[in-house]
Each structure stands twice: as C-alpha cells, then as structure tokens.
Amino acid sequence: MVKTVTPGAVSAMRSAPSPDSPADVPELVVQVLDLKSTGTRNRFMFTANDGKMKLKGILPSNVESEIHSGSIQNLGLIRILHYTLNDIPNKSDKYLVVNKCEAVSPALEMEIKSDAGDLDCGILLKSKQEDETNSEVTVEESGNLWKPKQEVEVGNQVKTGPGIHLKPKQEMVAKSAAQIVHEQHRNMAPAARLAMTRRVHPLVSLNPYQGSWTIKVRVTSKGSMRTYRNARGEGCVFNVELTDEDGTQIQATMFNEAARKFYDKLEIGKVYYISRGTLKVANKQFKTVQNDYEMTLNENSEVEEASNEASFVPETKFNFVPIDMLGPYVNGKELVDVIGVVQSVSPTMSIRRKSNNEIIPKRDITIADETKKIVVVSLWNELATTVGQELLDSADQSPIVAIKSLKVGDFQGVSLSSLGKSVVKVNPETPEAKKLRSWFDSEGKGSSMDSVGSGLIASSRNGSRSMYSDRVFLSHFTSNPSLGEDKPAFFSVRAYVSFIKPDQTMWYRACKTCKKKVTEAIGSGYWCEGCQKNDEGCSLRYIMVAKVSDPSGEAWVSAFNEEAEHIIGCPADELNQLKSQENEENPYQQKLKQAIWVPHLFRVSVAQHEYMSEKRQRITVKGVAPVDFAAESRYLLEEISKQKAS
Amino acid sequence: MDIIAELAMDTSNPAVFVNAELLGRYVGRKVRAVIQVIRNDGTAVIGKSTDEKQMIVKGLPPSQLTTFVEVIGIADGQNSISADKWTNFGDNFDTFTYNKLCQLANGEYQHLFL
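Keeping their order, the protein sequence lines are chains C and W. Here numbering that gives the first Met the number 0 is used: the first residue of the first sequence is 0, the next is one more, and so on. Here numbering that gives the first Met the number 0 is used: the first residue of the second sequence is 0, the next is one more, and so on.
Treat the hints as calculated values from the structure; they're not laboratory data. Note that the structure is predicted; figures quoted are calculated from it, not measured. Among the hints, a few may not be true.
Heads up, incomplete: computed chain C residues facing chain W, CB under 8 Å, no partners named [to be verified]:
#1 L84
#2 D323
#3 A629
#4 I639
#5 K641
#6 Q642
List time: in silico DSBU-like cross-link candidates among lysine-lysine, alpha-carbon distance up to 35 Å [unchecked claim]:
#7 C/K371 with W/K57
#8 W/K57 with C/K433
#9 C/K500 with C/K424
#10 C/K641 with W/K29
#11 W/K57 with C/K641
#12 C/K532 with C/K592
#13 C/K643 with W/K47
Note that beta-carbon positions come from the ideal geometry of N, C-alpha and C, so glycine has one too.
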C-alpha cells in the first residue's frame with residue numbers, strides 16, 4: 000500500500016471543487032491533522048494535509064466506526080473518494096466536505112512537510128499554534144523555542160495552558176520529506192543500515208513522482224514469457240512479483256527488449272537491487288498483488304543480484320489452514336496456504352485447456368495433516384513438472400510440503416488447485432513442518448484418514464458457494480448507509496424473519512407467460528402489455544417487505560416471488576386463498592405467524608435508491624437457503640480461529 | 000417463594016464438555032459427553048467418543064438408544080463415566096464440531112463455561 004500523500008492534492012481539489020461522482024475524482028491521499036469531534040455525535044472535522052498545503056474540512060458520518068476502531072487516526076492517511084468544496088461565508092477560504100473516503104494508513108510519526116521545508120517549518124508550526132485560542136502561547140513559542148532550521152516538532156499537537164513551553168518530543172535535524180517517509184517505517188537494524196549505504200527504499204514508499212530509487216527485493220513469483228500480437232505489431236512480455244524486507248509486494252512487468260534482457264537474470268527466490276523502473280497506478284483488472292502501483296522495467300533499468308547479503312528477506316509468509324478447516328473456503332475468492340505430509344503423487348497428466356485448446360501438464364498430490372484429514376492438491380504447469388517430479392521421486396520418504404496461494408474448489412467435496420502465483424516448498428525448515436514431521440512419525444503414519452470432502456454436507460451449488468462468502472451481520476448494513484452506492488453490493492447473512500406486516504400489498508397480478516404486471520382488461524380477464532394479449536386468468540407473484548433480525552440488529556428487506564415463497568412456505572395464489580377465508584381461525588395470519596422466527600441463510604444485494612429526493616438503502620433478497628447447522632458450525636469454528644490469529 | 004427458587008436454573012455445578020482426551024482431567028467431577036453407541040448390554044454402554052476413542056458409560060441406559068447419546072455424570076476413570084442422565088441425540092450428529100467444542104470449552108474459552 001502506498002503510504003504517502005498525493006502531492007498537490009489540496010490544489011487539485013481547489014481547482015475542481017465539485018466533482019460529479021467518485022469516477023471524476025483523481026487519486027487523493029491526504030494526511031489527517033487536528034482530528035476532532037464536532038458537537039454532533041458522529042461528525043468529525045479535520046485538516047487535510049498534502050505535505051504542502053492544508054485545508055480544513057469535515058469527514059462523512061459513516062467513518063465514525065473507523066475512527067473509533069483506529070483505522071482512521073490523527074496523523075494517519077486517508078484517500079478521498081468523493082468530496083465537495085464549499086465557500087465559507089465572509090472568508091476567502093474553502094471548506095472541504097468529504098463525502099466518501101477510505102483509510103490508507105494509521106498514524107504516521109509526524110506531520111508530512113514538503114521539501115521546501117525549512118522556512119515553511121517555522122511558518123507551519125506557527126500557524127498550528129494560531130489555532131490555539133491562547134495567543135500568549137503563540138508569542139512565547141515563536142520567540143523562544145522554535146529554531147526553524149534545526150528543530151522540528153514531532154508528534155501530535157499538544158494542548159497546553161498559557162506560559163508553558165512546548166518541548167519538542169524529539170530533536171531531529173530537518174530532513175527532506177522523502178527521507179522522513181523512508182525512515183518512518185523501519186526500525187534501523189544493522190542489516191538495514193548496511194542497505195542504507197545503498198539508500199534502499201522500502202517498496203511501500205515508491206510512487207510515480209519520485210524517480211531515483213533503489214529497492215532490494217526477492218523475486219517471489221515469476222510468470223512465463225508470453226508473446227502477443229496487437230495493432231502495433233508483435234511483442235513479448237513477462238512479469239514478476241517482488242517482495243521486500245517489510246513484506247510489501249509489487250508486480251513488475253517487462254516488455255520486449257527489457258523482457259529478453261531480464262528474463263534469465265531474474266530468478267525466483269533470489270534477491271536483487273533494482274532501480275530506474277517506472278511506476279504507475281495498477282490496473283485493477285489484472286492485479287494479483289496488494290499494491291496500488293505496479294512497476295515497469297525497461298532496457299535502462301538496473302537489476303543487480305545481491306549475492307553477498309545474508310538471509311535478507313523473510314521467507315514466504317505462510318498462513319496455514321488446517322485441512323479439516325477448508326470447508327468454508329470452497330468456491331470462495333480467498334486463497335489458502337496449506338502444509339501436509341505427502342501421501343501419494345500421481346503421474347503427470349495432460350489436460351486440454353478449453354479456452355485455447357492448449358495442452359497443460361497437471362499432477363495430483365494427496366496430503367494429510369494432524370487433523371487426520373487428507374485433501375488432493377492439483378499442481379499445474381511448471382509446478383506439475385518440476386516440484387511434482389521431485390515429490391514423486393521422494394514420495395516414499397513422505398516429504399512435507401507447504402504450499403501458498405491455492406484456490407479451493409468443490410471437486411469431491413473439497414479440492415485444492417495451484418495458480419501461477421502459488422509457491423511450493425518441500426520440507427521447509429519451519430516449526431509447523433517440524434511438528435507435522437513428529438506427528439507423522441509417531442502416529443500419523445499408521446492411522447487411517449478420511450478425505451476432508453467426505454465429511455462435508457454437500458449443499459446445492461448455489462447454497463454452499465454464496466452463503467459462506469461475503470458473510471456479514473445485519474449491523475453491517477445499518478452502520479454503512481451508503482453501501483452499494485455505485486453498484487449493488489452482494490452479501491450473505493444468517494437471520495430470522497422477525498416481522499411480516501399482514502396488511503401490506505404482498506403480491507401483484509402477473510401475466511402467466513412473461514410474469515410482468517397485468518392490468519384489468521375492459522370486460523373480463525387481464526391485459527399484458529408485454530405479450531400484447533388478454534388472458535382469462537393471471538397468477539399472483541409476491542412483492543413482499545419483511546423485517547429480519549440477527550444478534551447484531553435488524554433490517555427491512557424486499558423479497559420477490561421465488562424467495563418470498565421460501566420464506567412464507569406457499570405460493571402467493573395459495574396465500575391469497577387463505578386470506579379470503581374469513582373464519583375464526585384466520586389461516587392467513589396463522590401462515591404468516593409460522594414464517595416468523597425461522598432462521599434462514601439469505602443472499603442479499605444492497606443498493607441505493609432515491610425516494611422523494613432522499614437516498615435510501617435498499618436490501619433485496621436474492622436467494623434463500625435453509626440453515627445447515629453442521630456447516631454453519633464449521634463456518635463459526637473457522638471464524639473463531641481467524642479471530643484467534645488476528 | 001420456594002417454588003420460584005426451584006424454577007431458577009442451578010448453575011453451581013456445571014458439567015464439563017469432554018471427549019476421551021479430556022475426560023482424564025476431570026476424574027471425580029461432573030462431565031458431559033456425546034458418544035456413538037457401539038454396544039449396549041443393559042448395565043453399561045460401550046461407545047466411541049467424538050475423538051474416536053473408546054468410552055464406557057456405566058449406569059442405567061434408557062430402553063431405546065439412538066446412534067448418538069449425550070450422557071451426563073461423574074467421570075470415574077480415564078475412559079469411563081458413571082452417568083445418571085441420558086439423552087438421545089438421534090442418528091445424525093456432527094461429531095467433528097462437538098469435538099472442537101470440547102477443545103475450545105476447555106482451552107482458551109474455559110472461562111465462558113466453568
């Protein structure tokens with residue numbers, strides 16, 4: 000993640016005071032200063048700092064939770080996604096109303112100042128003092144304490160009474176902004192100081208506006224060389240994933256000359272000094288790595304192997320999921336890491352890729368871990384041929400294999416599949432591997448183990464896939480009123496139907512063929528505008544509004560025919576019949592009553608609707624599934640262990 | 000007044016959720032466990048614990064036992080319970096989840112249970 004402000008952000012906002020929508024807003028990262036609450040409970044005002052200029056403003060009410068949780072802090076960074084600049088009456092300055100923003104970084108060590116700093120330092124500090132209502136302090140401080148050229152105040156604004164000297168928390172020689180940002184994130188360990196002699200920059204500090212940098216990175220993933228043909232002719236390209244000491248990753252791409260020059264030079268696992276690359280905002284479609292920027296290396300870029308540096312970068316960071324906990328990840332977006340003892344290795348198979356008829360190698364390995372479950376991992380392409388062969392040769396020694404970034408599928412219940420970015424380590428020297436080895440040698444070897452997939456209850460494709468991905472509580476909707484602003488957002492939630500108003504318009508008359516609304520025809524029957532024909536009868540289809548509740552709160556949702564039928568338990572036509580039976584028992588009310596306090600798994604979409612010139616959140620049920628308590632319990636167990644880890 | 004006192008739940012002596020591995024820790028104390036019935040001879044039941052080990056439950060089992068049974072009683076050995084309460088849990092039971100529950104309830108979440 001980028002951890003610095005966008006230079007010129009304030010003047011960019013000044014020159015475009017009223018962007019129409021977030022799409023018109025450029026990249027604007029600013030530092031939050033003077034964060035304080037206004038009189039009203041959930042509004043916070045702040046000063047936006049872009050290193051050179053400042054602007055007073057107010058944050059939207061929906062970031063209250065982020066401020067309380069600490070994602071947005073004073074001296075931290077936020078990205079402004081949508082804003083409006085308002086005039087302040089009787090003053091020439093503007094006021095920044097932030098409509099939408101996101102946290103970028105927690106508190107930095109101090110206020111970011113631009114390079115033309117020395118003189119500004121004094122002025123900036125003084126203007127900070129002027130904000131204080133106590134002018135006595137101002138005069139005293141500027142006179143006695145601040146020597147702009149030498150001392151820089153670090154840390155939060157300190158509120159003091161009159162006559163008390165503000166002592167700077169740290170005395171530092173004034174530095175350039177680049178160096179300040181650079182040092183901010185590091186503890187200066189001896190290895191780092193050595194790197195400093197080469198002025199190595201942390202990946203996190205790189206941005207397109209700073210040209211001369213050197214990074215020290217390990218190649219953690221390498222794509223294959225691809226050739227392409229476009230309007231401009233032919234070319235070749237490959238990319239690599241680079242990771243630096245802090246664990247920050249960035250994708251680097253090389254075309255043509257540069258690709259040929261560096262393809263053989265850059266080897267996976269080796270460490271290099273790289274400089275003279277260019278940065279640009281990452282194309283979100285092709286992003287594989289968590290970084291707002293991506294790098295391009297050209298023929299002038301420098302790549303030098305760092306051969307003498309001892310163990311530099313921490314080895315690939317693994318976050319292992321025990322095999323018996325893989326269930327909830329099936330068909331989800333999240334990639335998993337696993338470690339296990341190899342039980343068997345298949346020979347290489349050749350699979351024809353449907354998209355382009357290409358033949359690619361695949362190998363299946365079966366691994367087991369202390370949970371006494373086994374799972375099949377499919378290794379593709381290079382992993383199948385290189386590591387796969389290695390594992391086959393040593394299979395009788397039951398090697399331990401750790402794999403990062405696997406996709407979880409539902410073949411035979413649970414299956415794992417490698418991707419281009421997957422990393423396989425055989426017999427790694429990690430504590431988990433040691434534990435696994437001793438478990439296997441003592442008891443694992445002989446015990447009988449089950450496939451993890453067989454234990455799982457197989458729900459319908461739709462059910463298992465979507466009911467466990469993007470799972471939230473109802474409070475997530477009520478505390479984020481602007482969810483689904485640009486396009487509908489999808490979530491799954493487990494909740495009880497808690498109230499269905501008996502006297503609402505619960506259905507509409509629909510055409511039997513096309514399901515659209517019909518109007519009463521002149522004479523008898525119904526007219527369908529869509530089908531352009533009359534029909535004697537029509538069917539009733541639900542348009543229902545209901546209240547749902549869960550431990551976190553409640554919300555109103557809309558449900559259409561299929562989903563409402565699941566909730567109520569009968570089609571609209573039947574319910575209508577019950578309604579017209581006006582007898583003592585009131586079967587209509589009874590039916591509705593039976594639908595209450597029944598738990599369901601809902602798939603919902605959340606979007607914004609204009610209603611009487613006011614934006615309202617609208618939650619629509621897109622799918623309903625019964626709660627599978629066993630699967631739900633396993634999901635909860637996974638959530639519990641995730642909580643433990645964090 | 001006495002009647003009201005009777006109706007209030009007695010939380011003074013909770014039964015510890017155990018599997019075979021944990022049972023040994025609580026010998027002499029009140030425990031509860033779900034077992035899969037393997038053999039029933041009228042005076043004791045031989046069962047399989049949720050962590051796949053053998054457990055013996057002494058006492059008077061009810062006449063009809065389903066595949067899974069929860070027993071509550073005093074742990075009287077490394078793998079036996081003297082039960083005074085038997086509850087049929089049916090033929091479908093997710094032993095995996097129950098086993099994890101035993102581990103969590105005796106591990107870091109113990110304070111929530113005992």
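Each hint tested on the structure:
no. : hint               : result
1   : L84                : violated, 51 Å
2   : D323               : holds, 7 Å
3   : A629               : holds, 4 Å
4   : I639               : holds, 7 Å
5   : K641               : violated, 14 Å
6   : Q642               : violated, 11 Å
7   : C/K371 with W/K57  : holds, 30 Å
8   : W/K57 with C/K433  : violated, 41 Å
9   : C/K500 with C/K424 : violated, 59 Å
10  : C/K641 with W/K29  : holds, 32 Å
11  : W/K57 with C/K641  : violated, 39 Å
12  : C/K532 with C/K592 : violated, 38 Å
13  : C/K643 with W/K47  : holds, 30 Å
When held up to the earlier numbered hints, the structure conflicts with 1, 5, 6, 8, 9, 11 and 12 and fits the remainder.
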